[in-house]
Amino acid sequence: DAGVIQSPRHEVTEMGQEVTLRCKPISGHDYLFWYRQTMMRGLELLIYFNNNVPIDDSGMPEDRFSAKMPNASFSTLKIQPSEPRDSAVYFCASSLDLWAQQYFGPGTRLTVT
Amino acid sequence: TQLLEQSPQFLSIQEGENLTVYCNSSSVFSSLQWYRQEPGEGPVLLVTVVTGGEVKKLKRLTFQFGDARKDSSLHITAAQPGDTGLYLCAGAELVGSQGNLIFGKGTKLSVKP
Numbered sequence: 001d002a003g004v005i006q007s008p009r010h011e012v013t014e015m016g017q018e019v020t021l022r023c024k025p026i027s028g029h030d031y032l033f034w035y036r037q038t039m040m041r042g043l044e045l046l047i048y049f050n051n052n053v054p055i056d057d058s059g060m061p062e063d064r065f066s067a068k069m070p071n072a073s074f075s076t077l078k079i080q081p082s083e084p085r086d087s088a089v090y091f092c093a094s095s096l097d098l099w100a101q102q103y104f105g106p107g108t109r110l111t112v113t
Numbered sequence: 114t115q116l117l118e119q120s121p122q123f124l125s126i127q128e129g130e131n132l133t134v135y136c137n138s139s140s141v142f143s144s145l146q147w148y149r150q151e152p153g154e155g156p157v158l159l160v161t162v163v164t165g166g167e168v169k170k171l172k173r174l175t176f177q178f179g180d181a182r183k184d185s186s187l188h189i190t191a192a193q194p195g196d197t198g199l200y201l202c203a204g205a206e207l208v209g210s211q212g213n214l215i216f217g218k219g220t221k222l223s224v225k226p
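Sequence lines, in order, name chains G and W.
Going by this note's numbering, the residue at position 9 of the first sequence is 9; the numbering climbs one at a time, nothing skipped.
Take any residue in the second sequence, note its place counting from 1, add 113, and you have its number in this note's numbering.
Hints in this document: simulated from the structure, not taken from any laboratory.
Check before you lean on any hint, since a few could be wrong.
Here are some, though not all, of the chain G residues that point toward chain W, as calculated from beta-carbon distances under 8 Å [stated by the list, open to error]: (1) L98; (2) G105; (3) P106.
Sample of chain W residues with no beta-carbon within 10 Å of chain G, all distances over it, derived [unchecked claim]: (4) P121; (5) Y135; (6) Q146; (7) E154; (8) V157; (9) G166; (10) Q177; (11) K183; (12) H188; (13) Q193; (14) I215.
Simulated crosslink set (EDC-like; lysine to aspartate or glutamate; CA at most 20 Å straight-line) [what the hints assert, rightly or not]: (15) W/K169 / W/D180; (16) G/K24 / W/E154; (17) W/K221 / W/E130; (18) W/K221 / G/E11; (19) G/K24 / G/E14; (20) W/K225 / W/E128.
Treat the numbers as computed from the prediction; the structure is a model and nothing was measured.
Backbone N, C-alpha and C fix where the C-beta goes; we use that ideal spot for every residue, glycine too.
Just need the whole structure built from these sequences, with the hints factored in.
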């Protein structure tokens, strides 16, 4: 398996633009997680899905953030409109079970100017 | 939500030295995971500890889970430049019928040759 795949690896956009981050989890993993990592706040869980259903989105900062998982092999995290404070590295991870090892993708480094 | 405090935040040592990093919480976790993250990559699981007092060894790395399952430590013997990275601990938290992994902010380790 190729592992968790994320795209793009880097994204630079202007404030106010819509940003869409993409993730392909490891096949057979029932759980998918979206995280945001910054120096100040560390690794923060934004939302996670179980069998394509959002279970806990309490970490989503505000209404500008939305996440979908239309099928078992694809998820998106959308920010609209983007703001400079959204600049961070966004990770997608998947796992077989909620408490099992999480396999992280390489991340998307987002810069909003 | 439980918080995980990691210390020290930064650590810079010479090759061959020993070191210990800590992960502490005021609450109990059902299990605890340690990850290592290298620059430009996602975190990778090193070990999971489940039982209070448990000790696990991974070559030169020794992991211990506190008796009360509130804290954990990672000891590295004879550190090597390849050990450089961000070490993250993550505690499994149950909230009602849901739960997730809570990550600490990490210890950034630099081992100089």
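Checked hints:
Given hint, G/L98 at the interface with chain W, holds; its Cβ is 6 Å from that chain's nearest Cβ, closer than 8 Å. About 6 Å separates the beta-carbon of G/G105 from the nearest beta-carbon of chain W, less than 8 Å, and the hint is met. A distance limit of 8 Å between C-beta atoms decides the matter here; for G/P106 the minimum to chain W is near 6 Å, and the interface restraint holds. No beta-carbon of chain G is positioned within 10 Å of the beta-carbon of W/P121; the least distance is around 14 Å.
The non-interface label for W/Y135 is consistent with chain G: the shortest C-beta to C-beta separation is roughly 15 Å, beyond 10 Å. A cut-off of 10 Å between C-beta atoms contradicts the statement that W/Q146 is not in contact with chain G; the least separation is 7 Å. The claim that W/E154 lies off the interface is violated: its Cβ sits roughly 6 Å from the closest Cβ of chain G, which falls inside the 10 Å cut-off. Consistency note on W/V157: stated as away from chain G, yet its beta-carbon is not over 10 Å from all of that chain's, at 7 Å minimum.
Interface exclusion of W/G166 from chain G stands, the closest Cβ pair being 19 Å apart, more than 10 Å. The claim that W/Q177 lies off the interface holds: its Cβ sits roughly 19 Å from the closest Cβ of chain G, which is beyond the 10 Å cut-off. For W/K183, the shortest C-beta to C-beta distance to chain G comes to about 17 Å, beyond the 10 Å cut-off, and the non-interface label holds. Non-interface status of W/H188 relative to chain G is upheld: no Cβ of that chain comes within 10 Å, the nearest being about 22 Å off.
With a minimum CB-CB distance of about 23 Å to chain G, W/Q193 clears the 10 Å threshold, and the non-interface call stands. For W/I215, the condition that its CB be more than 10 Å from all CB atoms of chain G is violated, with the nearest at approximately 8 Å. Taking the CA atoms of W/K169 and W/D180, the gap is about 14 Å. The hint holds against a cut of 20 Å. Distance restraint check for G/K24 and W/E154: the Cα-Cα separation of roughly 16 Å lies within the 20 Å cut-off, and the hinted pair is therefore satisfied.
Annotation: proposed proximity of W/K221 to W/E130 holds, straight-line Cα distance about 16 Å (limit 20 Å). Taken as a hint, the W/K221 and G/E11 pair is broken in the structure, with Cα atoms around 25 Å apart against an allowance of 20 Å. The suggested pairing of G/K24 with G/E14 is violated, with an alpha-carbon distance near 26 Å, which exceeds 20 Å. As the CA atoms of W/K225 and W/E128 are separated by approximately 6 Å, the hinted pair is consistent with the 20 Å bound.
When the structure is compared with the earlier hints, violations turn up for hints 6, 7, 8, 14, 18, 19 and for no others.
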